[in-house]
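**Q** Since chain A is already given, all that's left is putting chain B on it; use the hints.
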Amino acid sequence: MKRRDFLKGCMACGAAAALGVSEKAWGIGSFEGYPEGMGVLVDLTRCVGCRSCEAACNKEQQLPAPDRPFDDKSVFEEKRRPTEKAYTVVNRYEQTGGGPVYRKIQCNHCNEPACLSSCFVNAYTKTKEGAVIYNPKVCVGCRNCLIACPFNVPGYSYSSAFNPVVKKCIFCYDTRLKYGKPPACVEVCPQEVLTFGHRKDLLKIGRDRIKEKPDRYVDHIFGEKEVGGTSWLYLAGVDFDKVGFDTTMSNDPILSNVKDFLGVVPMVLTIWPALFTGFHLLATRNKDHADHESGNTEQEVRKS
Amino acid sequence: MRRDWEKGVRIVNSHFKVPGRKKWSLMDKLLLGLTPREYISQAVRNPFNWLLAAVFAVGLPVIAMRFIFGLGAVTNSSCDYPWGLILDFGLFAMVPLSSSGFQLGTTVEIFGRHDFEPIERLALLNGLLGYLFAVIYLLVDLGQPWRLPYPMVVAYGPVAVLFLVGWHVATYLSVQVCEVSVAFFEWIGFPLGKKGVRSITLGLTVAGIILSTLHQGALGALFNYAPGKVHPLWYSSAFQWLHFFVSSIPGGLCMVIVVSTVVKKTMAWRCDDKFLDNLDKLTISLAKGASMGLITYLVIKMMGIAHDNKWEYLATGYGAWYMFEIGIGVIIPLILFAYGIRNKMVGLVRFSALLTVCGIVMNRLNTALITFNWKLAEREIPTWQEFVMAITLFCVYIVVWRFLLYRLPILYAWKTADESATVPEPAMGHLPGRSPEPAIAGTYRSRLDENVGGPIRQWP
Numbered sequence: 001m002k003r004r005d006f007l008k009g010c011m012a013c014g015a016a017a018a019l020g021v022s023e024k025a026w027g028i029g030s031f032e033g034y035p036e037g038m039g040v041l042v043d044l045t046r047c048v049g050c051r052s053c054e055a056a057c058n059k060e061q062q063l064p065a066p067d068r069p070f071d072d073k074s075v076f077e078e079k080r081r082p083t084e085k086a087y088t089v090v091n092r093y094e095q096t097g098g099g100p101v102y103r104k105i106q107c108n109h110c111n112e113p114a115c116l117s118s119c120f121v122n123a124y125t126k127t128k129e130g131a132v133i134y135n136p137k138v139c140v141g142c143r144n145c146l147i148a149c150p151f152n153v154p155g156y157s158y159s160s161a162f163n164p165v166v167k168k169c170i171f172c173y174d175t176r177l178k179y180g181k182p183p184a185c186v187e188v189c190p191q192e193v194l195t196f197g198h199r200k201d202l203l204k205i206g207r208d209r210i211k212e213k214p215d216r217y218v219d220h221i222f223g224e225k226e227v228g229g230t231s232w233l234y235l236a237g238v239d240f241d242k243v244g245f246d247t248t249m250s251n252d253p254i255l256s257n258v259k260d261f262l263g264v265v266p267m268v269l270t271i272w273p274a275l276f277t278g279f280h281l282l283a284t285r286n287k288d289h290a291d292h293e294s295g296n297t298e299q300e301v302r303k304s
Numbered sequence: 305m306r307r308d309w310e311k312g313v314r315i316v317n318s319h320f321k322v323p324g325r326k327k328w329s330l331m332d333k334l335l336l337g338l339t340p341r342e343y344i345s346q347a348v349r350n351p352f353n354w355l356l357a358a359v360f361a362v363g364l365p366v367i368a369m370r371f372i373f374g375l376g377a378v379t380n381s382s383c384d385y386p387w388g389l390i391l392d393f394g395l396f397a398m399v400p401l402s403s404s405g406f407q408l409g410t411t412v413e414i415f416g417r418h419d420f421e422p423i424e425r426l427a428l429l430n431g432l433l434g435y436l437f438a439v440i441y442l443l444v445d446l447g448q449p450w451r452l453p454y455p456m457v458v459a460y461g462p463v464a465v466l467f468l469v470g471w472h473v474a475t476y477l478s479v480q481v482c483e484v485s486v487a488f489f490e491w492i493g494f495p496l497g498k499k500g501v502r503s504i505t506l507g508l509t510v511a512g513i514i515l516s517t518l519h520q521g522a523l524g525a526l527f528n529y530a531p532g533k534v535h536p537l538w539y540s541s542a543f544q545w546l547h548f549f550v551s552s553i554p555g556g557l558c559m560v561i562v563v564s565t566v567v568k569k570t571m572a573w574r575c576d577d578k579f580l581d582n583l584d585k586l587t588i589s590l591a592k593g594a595s596m597g598l599i600t601y602l603v604i605k606m607m608g609i610a611h612d613n614k615w616e617y618l619a620t621g622y623g624a625w626y627m628f629e630i631g632i633g634v635i636i637p638l639i640l641f642a643y644g645i646r647n648k649m650v651g652l653v654r655f656s657a658l659l660t661v662c663g664i665v666m667n668r669l670n671t672a673l674i675t676f677n678w679k680l681a682e683r684e685i686p687t688w689q690e691f692v693m694a695i696t697l698f699c700v701y702i703v704v705w706r707f708l709l710y711r712l713p714i715l716y717a718w719k720t721a722d723e724s725a726t727v728p729e730p731a732m733g734h735l736p737g738r739s740p741e742p743a744i745a746g747t748y749r750s751r752l753d754e755n756v757g758g759p760i761r762q763w764p
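Which chain is which? The protein sequence lines are A and B, in order. For the first sequence, position 109 (counting from the first letter as 1) is numbered 109 according to our numbering, and the numbering increases by one without interruption. Going from the second sequence to our numbering is simple: count from 1 and add 304.
Okay, chain A solo, but in the shape it has when bound (with noise of 0.2 Å):
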């Protein structure tokens, strides 16, 4: 190798090594979502509350046979949760002044999930189709993404002794998504509740919505900034926390919440053994600072 091809190869490493470096500082900040991510635009306005996306769930999903028929509009007496038997559920809430607004609840694919970064064996995977996944076979059933999801989305199957999982919509990500379909809530929905595409596309029809009948709408995407973003989206014509939705929730992603204290970390583990070997030596001075009874036992030796 000549000289000169060595010297302009070491420049090129070090140009390198340096964009690569601003690159990286660069990508610490959010993450808004990959940008062919995809999504699904609900608008409560439509909802009918059939509960035919429970029903589809359930059946694409093969989960157990629901405890009252999904024709049973009875459920809708009390206030339900995402579960282990049920990824996804429509609830009903009474307006004053108006007709009732129903709420369908499931997994709403956070751009930058509380599951996955609360997850110490990485079970939970975004995918660049805009699902968030997981994989039972490393989860050790901490349960912190229950702790941790805003949403209170997940579900745990606490019946089962052995293999008790994680449960929760994947955005049909196996049988559908992966394939560029819809997931089969989406399908079914006889009022064209839900609405799929690339999240985007979405922002662009939800505010075009808004835009044409203000009257109809709030004035507001549940979802586009909540939490750093979700791929699942709102439009409501009545206020959100109205219909259950938790409105004093930041913009910010659950992880900005404990970054403060990851920045602890290195300070902590470069800091303290300086720290307090330095203090051990300044208040040991003079002293026996070795070990305090071979010490002793040594000076009597040589007393003797």
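None of these hints come from the bench; they were simulated from the model. Built from N, CA and C at the ideal position, the CB exists for glycine as well. Among these hints, one or two may not hold up.
As the list claims (entries may be wrong) - Okay, the calculated beta carbon distance ranges per label pair:
no., chain 1, residue 1, chain 2, residue 2, range
1, B, Phe371, A, Ser250, 31 to 41 Å
2, B, Arg417, A, Ala274, 16 to 26 Å
3, B, His418, A, Ala274, 17 to 27 Å
**A** Below, chain B without anything else, positioned relative to chain A:
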């Protein structure tokens, strides 16, 4: 045990049954120098053992049920309340009370305060067992406990706070096993092992400080994942990890005061003079440290509320509960400590330490269970089986703790051969109601050697 000892049964506190001539066998050491029959008879005599047996009779089947039929069969853990009483008590409340190991280690080994040595090993053992049982409680609560090593060998989630907790608790457990192994090596008679561990004590102690700082804090940071679920008064965006870390300081120190009191009341026969004579003085010293920890904790708690401007929550029902917790667990102990330390009232200091311990436990239960999901209408009430399991595991903890304290040189100094000849008198004066002369107990095997001399109690 005390009665045997009063009768003149010799306690194992050195390798030699007869100085320079006859060694204790391992069996002797395990049976505390009693014959198997004597050992069983003293165990049966003790009413506390009957209480333990009753707890185990109910508790062990419940724990078996949990493993055979699953968590759902015996706990109220749900999708909204995934962490129930077992985890919240066993892990979140026990770990801060186990910070004593690193604190006394630091005092003695880093700052060279060898006057704390009589209580150092008790603090180290308290730390070790606290962590060990935190892991055992965790194993009972985990969905698939056999996968506990997964974050270390199978799949890594290094962004997760729990990943850090897992690694640190595992590493710190090993560090604590090393620290306590010194006592074990003395007892088993393996001086080389003791020497080896002693030579890395400084490193172990510094590692202990690092790991403790981080995972005590990390347990708090775990709740940063749930900003909308932990009640604002128990949640702090900026200081959550500091709240947990700082409160673990008085928690650990007060736990040492509490356990040393238990030891003094229930197993004085096992303690040596050095321990018993210094205990009151050391209790006051520990209380001084705990007070400083408590006042720091109080200030940083107030700062947490001021930082997020959450004063208005104090006017709610949760606010009253919060002030009750701070009052009972922080402010009253601070006042009692101040008065007790100033007037050298050791009893008051001990009571105050107990209050502090209760305060820390209450804080962890409040954060993780009692006020958790405050926005939801339904509160989780643990099942009776959960209480039974938590109590049973705690009783196992007591049994292990007692087993080790009875045997290992933790409350007493292990006598080497030359020392035992010069220091023949163990802690005798502290036992109330001891007989002025040895009871007629010629049937006891260990009495046979009495007149040969050595570390046997010479009755006046």
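**Q** Quick check: does the Cβ-Cβ distance between His418(B) and Ala274(A) fall within 17 to 27 Å?
**A** 24 Å, holds
**Q** CB of Arg417(B) to CB of Ala274(A), is that within 16 to 26 Å?
**A** Since Arg417(B) and Ala274(A) have Cβ atoms about 21 Å apart, the given range 16 to 26 Å holds.
**Q** Looking only at beta-carbon atoms, does the pair Phe371(B), Ser250(A) fall within the given range of 31 to 41 Å?
**A** At 40 Å between Cβs, range holds.
Taken one by one, the earlier hints all hold for this structure without exception.
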